[in-house]
Amino acid sequence: MTRRGEAVLIQLTVNGRPRVLEASPQQSLLGLLRDALGLTGTKSCCLVGECGACTVSLDGRIVDSCLVLAGEADGADVVTIEGLAANDAPTPLQRAFLEKGAAQCGYCTPGQVMAARDLLERTPHPTAGQVQEGMSGNLCRCGCYYQITDAVLAAAAASDR
Amino acid sequence: MSGEIGASAERVGGLARVTGAYQYVGDIQLVDALHVKLVTLPCAHARIGSVDTRSAEQVPGVQMVMTAAHLPQPVPRFGPQFRDRPVLAVDETKYHGEPVAAVAADSEEAAEEGARLVRVDYLELPPVLSVAAAVAPGAPLVQDPALRPGDPHAESNVLSEHPFGWGDVGAATSDLVVEGAYTFPMVTHFAIEPHGFMAAPDGDGVVIWSSIQHPYWLQKIIAEILRLPLAKVRVVAPDPGGAFGGKQHTKFEPLVALMALRTRRPVRLILTLEETFQAVRRMSAEVHVRTGFRSDGTITFREIEANYLLGAYADIADRAASKGSHISCGPYRVPAARIVARSILSHTPPATAFRGFGAPQPNWAVESNMNDAARALGLDPVELRLRNLARRGESFMPGDTPCDGEWEQTVRRAAELIGWGSPLPAGRGRGVALGIKSGPTTGLSYCTVRLLADASVIVYAGTSDMGQGSRTLFAQIAAEELGVPIDRITIVMGDTAVVPYDQQTSASRSTVLMGNAVLGACREIQAKLRAMAARIHGISEAAILVERGVVRLPDGPVPITAILKPGLGSLGGEVIGNGESRKEAEPGHPLSGSAAFYEFNCTAVEAEVDEETGEVLLVRHVTVSDVGKAINPLQVRGQDEGAAIQGLGHTFMEHYVFDEAGRIRNLGAIDYRIPTSKDLPLDLRSDIVENADGPGPYGAKGMSEGALLCTAAAVAAAVRDATGVVVRDLPLTPERVWRAISERSQATAVGGRRAGE
Numbered sequence: 001m002t003r004r005g006e007a008v009l010i011q012l013t014v015n016g017r018p019r020v021l022e023a024s025p026q027q028s029l030l031g032l033l034r035d036a037l038g039l040t041g042t043k044s045c046c047l048v049g050e051c052g053a054c055t056v057s058l059d060g061r062i063v064d065s066c067l068v069l070a071g072e073a074d075g076a077d078v079v080t081i082e083g084l085a086a087n088d089a090p091t092p093l094q095r096a097f098l099e100k101g102a103a104q105c106g107y108c109t110p111g112q113v114m115a116a117r118d119l120l121e122r123t124p125h126p127t128a129g130q131v132q133e134g135m136s137g138n139l140c141r142c143g144c145y146y147q148i149t150d151a152v153l154a155a156a157a158a159s160d161r
Numbered sequence: 001m002s003g004e005i006g007a008s009a010e011r012v013g014g015l016a017r018v019t020g021a022y023q024y025v026g027d028i029q030l031v032d033a034l035h036v037k038l039v040t041l042p043c044a045h046a047r048i049g050s051v052d053t054r055s056a057e058q059v060p061g062v063q064m065v066m067t068a069a070h071l072p073q074p075v076p077r078f079g080p081q082f083r084d085r086p087v088l089a090v091d092e093t094k095y096h097g098e099p100v101a102a103v104a105a106d107s108e109e110a111a112e113e114g115a116r117l118v119r120v121d122y123l124e125l126p127p128v129l130s131v132a133a134a135v136a137p138g139a140p141l142v143q144d145p146a147l148r149p150g151d152p153h154a155e156s157n158v159l160s161e162h163p164f165g166w167g168d169v170g171a172a173t174s175d176l177v178v179e180g181a182y183t184f185p186m187v188t189h190f191a192i193e194p195h196g197f198m199a200a201p202d203g204d205g206v207v208i209w210s211s212i213q214h215p216y217w218l219q220k221i222i223a224e225i226l227r228l229p230l231a232k233v234r235v236v237a238p239d240p241g242g243a244f245g246g247k248q249h250t251k252f253e254p255l256v257a258l259m260a261l262r263t264r265r266p267v268r269l270i271l272t273l274e275e276t277f278q279a280v281r282r283m284s285a286e287v288h289v290r291t292g293f294r295s296d297g298t299i300t301f302r303e304i305e306a307n308y309l310l311g312a313y314a315d316i317a318d319r320a321a322s323k324g325s326h327i328s329c330g331p332y333r334v335p336a337a338r339i340v341a342r343s344i345l346s347h348t349p350p351a352t353a354f355r356g357f358g359a360p361q362p363n364w365a366v367e368s369n370m371n372d373a374a375r376a377l378g379l380d381p382v383e384l385r386l387r388n389l390a391r392r393g394e395s396f397m398p399g400d401t402p403c404d405g406e407w408e409q410t411v412r413r414a415a416e417l418i419g420w421g422s423p424l425p426a427g428r429g430r431g432v433a434l435g436i437k438s439g440p441t442t443g444l445s446y447c448t449v450r451l452l453a454d455a456s457v458i459v460y461a462g463t464s465d466m467g468q469g470s471r472t473l474f475a476q477i478a479a480e481e482l483g484v485p486i487d488r489i490t491i492v493m494g495d496t497a498v499v500p501y502d503q504q505t506s507a508s509r510s511t512v513l514m515g516n517a518v519l520g521a522c523r524e525i526q527a528k529l530r531a532m533a534a535r536i537h538g539i540s541e542a543a544i545l546v547e548r549g550v551v552r553l554p555d556g557p558v559p560i561t562a563i564l565k566p567g568l569g570s571l572g573g574e575v576i577g578n579g580e581s582r583k584e585a586e587p588g589h590p591l592s593g594s595a596a597f598y599e600f601n602c603t604a605v606e607a608e609v610d611e612e613t614g615e616v617l618l619v620r621h622v623t624v625s626d627v628g629k630a631i632n633p634l635q636v637r638g639q640d641e642g643a644a645i646q647g648l649g650h651t652f653m654e655h656y657v658f659d660e661a662g663r664i665r666n667l668g669a670i671d672y673r674i675p676t677s678k679d680l681p682l683d684l685r686s687d688i689v690e691n692a693d694g695p696g697p698y699g700a701k702g703m704s705e706g707a708l709l710c711t712a713a714a715v716a717a718a719v720r721d722a723t724g725v726v727v728r729d730l731p732l733t734p735e736r737v738w739r740a741i742s743e744r745s746q747a748t749a750v751g752g753r754r755a756g757e
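Sequence lines, in order, name chains A and B. Those letters in the first sequence? Residues 1 to 161, per the numbering used here, in order. Those letters in the second sequence? Residues 1 to 757, per the numbering used here, in order.
Please keep in mind that the hints were generated in silico from the structure rather than gathered at the bench. Since the structure is predicted, the reported quantities are computational estimates derived from the model, not experimental observations. Quick reminder that beta carbons are idealized off the backbone N, C-alpha and C, glycines included.
Derived DEER-like restraints, expressed as beta-carbon distance ranges:
1. B:G427 with A:T127: 18 to 28 Å
2. B:S742 with A:V48: 27 to 37 Å
3. B:D683 with A:E22: 46 to 56 Å
Quick look at which bits of chain B chain A covers, simulated, 3 or more residues with Cβ under 8 Å:
4. 192 to 205
5. 678 to 687
Looking at chain B on its own, in the form it has when it is part of the complex (with noise of 0.2 Å):
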């Protein structure tokens, strides 16, 4: 109905999972199901010997033990960028956590005791766990250079190198230059529903079930590795439980089907949550940053060496890091920029997408040295920032969209709101950081919407509604348009045969870009109402207007109904409207494209530390991002506060942490800690600014990622204000902060000058 725009309306959905009713791909029971355990080594590295299935077999309901030997040779290798990641380990494993085999049997339990039961043959060699290591003279290759023909990096680590920039950053002359490195950890998404893949012959066909984001793109990949048409291979892709990245690619799916052909059975994989952790994580980075200001703050030059630390595959990684360094230099006016990123390949889990998608490690180091050059220039943190943002329209990364919004307005609301500039208690500092992070680069959507003859609706999207709440929004843009309550509306997704084509579910793109389709195929259905009314009403089209849920006539205004049923006639029927939305590559940019648009936060904390332990308390904490318009407040409240807690995770106490087999020793939730309600701030505040200028429906922009992206440099800064310590690493654990504070307390004993000053 007219006036859903803006409304909180109830989460579509909603309803089944307070009562449990909604069925997660783990949910559901396929009859005669096989259910499948993978085989790993208690290493990273190892050389692949015999691999003796002979005990495994002798299981009672084990129906198939698949080796590396049993799929088609060469064994089918896949992957969103390379295609590098085999179906099962070939030669030698190179994370821990490969599979070298899988069991499929009867019951979990006989398939856990077969793959106890398989006997591997292997010679551990030694891992490359870190930047140094993968880049150190004589580091072993992760990658078979044969993988990579023509590649100039082939004999070594390094997957790809990104260079971007522009101006001369050699000519230009500053009063000060601030530096400094920095890292950022390797931390996993713990979705709270573990990874899920099931396949079954479907006819001449196959189907897979699967908690993926992108069900189109895992459609392709096992069309071409089973050498199947599209249209025998089926995606039904329930909605995530939580994905935030991590479920975009494909991962065991190719392995179930294969498994699921050669059996003939229905095959069942669902991952633990320790398997999740080798499956999929953020790319961990060292950043080091480089800035020239002149005395008034105003910024002269930037540059930036990224190197992120990507796994054993490299998954959409390279991409993360490419797109994420891109914008690393932030959303100021840099009149010269160099900019490398790296791509470091090492033997750990393959890092993947995850919200930021490559922003937050550079942001973490470039915001920090926007805090440090405040001090160093003496101007207000908040002030230098001002005098260095793109105001709208600006081109401030040459060739890229220009500036999108009022940022100013951003800045200025988060400092109101954390009470910039008011005295604080003893023991408290605040800090600010801004995140930026460019929208998607390319896309394609389609969606259908068939008006029913009783004036209900279904609406059909591609797109994942992982907990971003998109079922709403395309049935809230639904009823406005076409005057249906949303109750009377059924949005549809999640499965290849029925659903058209969607690109993919990331980059916060699916409000504008799904939304905008919607909203196209609900103006198709609009404009064949009003042929419809025309020629019922025997005038011109050119006299009738249809928006917003009405018909209006010459005389005025009449409901949809009105025209949909004598429209139809007695035959009834249904009006169905067809909607794309498209952007397209852009072949000479470094990216294949330009933003659509930017997410924009700004971030600003009062933290409380407690020098006895090193525990840091937010006070406060507000986030306010520029959304252009809020279809439903709630909803964006619900994004923009869960990113800021998600972040506080990598800031505070997640990430990984390796022995020297590569093996991550805090593996599984008691010793990998993520944030739960008792770690929230006292109080946090999200706020939005709406200036109804994004290019989705009614001027939305995507909103899902922006305050993750600068929440460990608004606390850095905030812990660095209370104390004097400069923390240059993540997570700010109480033992880091806590020894920063007694190495400042010792140096003040000792030469009187506190460190970080």
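If we strip away everything but chain A, and leave its shape as in the complex, we get (with noise of 0.2 Å):
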């Protein structure tokens, strides 16, 4: 990271792509790719952390981009929702949203998306309480909480076939 007058000079990977970019001292790492990368995937919502609207994958941990200066992701691998399906192909945990109907209104499903995957990757075989504690920190307003918690189920029972 290089300072030049206001801006700060941003070396990052996103989604295996290598980017430089400028941003303000001050932008978030969910206006930086937003509106810098256009990368409008990952939602914006409450700007406090407390929604997981923003959820994202910082060097193999999910933060809330919100919350993360666009300067603290300097050097770091970032993987977002657009990062996980390759030609438009779901992986099978966006296959079990669909098939769940985890999905209603979708506002939150990309943070949900990322949260799930995060709780896998960590403990694949979750129980129910195991997701919904996991989880708790991804707001539905749709009320979807007991399908997500289905299509995380099925996607780990899946990866054992």
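Put the two chains together into one complex; each comes in its own frame, and the hints tell you how they fit.
Structure representation (structure tokens):
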């Protein structure tokens, strides 16, 4: 990260692609992804780290990208919802969300999928309770929580086959 | 393809949602757009003096600062019921968050900096924040009486009074009269997608992008304000990211439209979540209910007084108050009823439609009253309801649609699923409640369907798919009727320049009203195919039947494609069908129209109460809705469970807290809690009753609100069953339940008699 006037220069990898970008010092990673890179799959809602709509993976850990300064992501490896499906082919987890009816309005869905992906990486065979505990930071006002749980459990079961 | 109805087709548009590809309003980047930030005051009610914009205009990147003085004079006002809401505050602010000015800049940062530098000279005035304060003698008037000429309530904060009733309440003789007063909290929609508004000049017209549920209503309002023909106002309405009623009506679209026309640049305003709390909310209410019973449980009369607290501008809330209270006697045989609902203005954010539309508030009171009565009469609460429940065809609200379902099936099913009457462990209780809501009272939906030369289909429907899944439903209907697989069907919505008119997306209407229009358009295509088949085969049309995707010729059925290709001929082309679905207004009706159908739900819960902390754990939650026909059972379950969980929000945790200046103290996601995946019942079971007796396609009814209506009353009854304490104010926070339990314990210690018994 080098300073150039007001802006900072940030190098990072997003969805496997190296990027060099200018950002203002107060810009969030969420703003960088959405505004500078046009990756609008990561959604914006509460901006205080309470709703989970902006969840992305940063060096293998999920974060609320609204709470991470773009500068803090310098040198990082970031994966967003756009980085999951190759050639528009959804991952088994995304398929499970579709099959279980786990996306209603869909606005929280990218964050839910990113959180579920992280949960399954750390806990490949969760119980329903572990899913609900682990994903309680991702709000869904449509109230799809049971369907989301079903989808995560189905994806976990499918990974065994 | 035939067999689509009743099968859970995968959500149309779902793939773009799980991959993040779907573009909601805020995801659309307009080239060279100006960003808008609103200027507000740190109080609800203030007289505006001077507004100094000079410093703001000096900020690099700021292109325009708009105040009321820059607007056409008098400042345009708008609203779905009353033209009361100005584009920007005029002379005074009436709620915390009402914009005094708006700054447009090349970047969000510059707009924010500019907004901070707009200096408003103002005098803070006392706000009216509650029903009691609003109706107190000498209360400050929220609305200028000059805006209400000829209105007998103009010199008060009562916007309107809605009396309903039938029979002779005074003449009723009762063995027991049960009464109580209940409060319902002020809650907000909290759609995860904050409201977004954009506008751009478009030749001699304007184009608006909005996360709105009713794009055609918005189009009309913008056309009126800008004095443009409808055809010069294009509204693009991407699917809302959750709406729940909060995105029905015009909010800041007139402002961004005026700014775009002034600057001749695209203008973008995406609200913060905090700003959405200040833009939309549900009415709080104080409801008093009094019911007479015979000793066998028969209802003899019911009186309801419901005081709804509106915000500073009416939006659609007054309509919600009248419609919600009109049906507030419930699904029962009530021989005499007297209802009065009042819409009361206050210096709070404008209340609007919210799932349930004015019905959850009186339902909380009336269903709690039924549970009180069961206790007082020594009758089982389920039995008491069944004794009074209207049966099919019975006119339970004189002058309105008679009972349109086998409602007792719904009640019995819920009782069965919760194990009503079976023994409970200590510390647990059960509760039950019924919910009813009138469907749409008027409606008008058009639909165009194009069957293309390769037997793929485009459906144009002006519904907004905000999560209820209308795209999927309409695709299922077209697939069923035209014999085309769903993956060859495209649903086009959300653009008034392309899609024919639809009145609105609300009141769980779209499956019924737009669904019938889609069906009508498909049937017109079927009729054209029949004529084609007759021509090709040289036989009479009377010998041919087209239904459910096939053409039945005298020799046997052939697929539609077998007729389509030869029928269209060498030039190809397409077959176009138009459908129209209407529900006309009824002038003599107090709501201007009877219910198209009723949403009917029975909710039963089993709760465990921790008497040390006041925390309530729902062990079981059963919701059963009469849906007529579940065209897509998975989506029906999603809507029903979603409504139930949203109901748990106002039941257990949600409410606005105001300070003396009328500011919302719990503004935003940290301090205002909605249900998370950790707040769920241990077991939630959603079930349906299907008798194919609805007015929609294949006998469907609307069903997206029922499970929210009566959640609170069922939960409170279970808490009482478990602990003996009665709570008449929502939400049932641990603190409130704990206090009630503590008071009970003290009463027991002093008097030896438990409160509430």
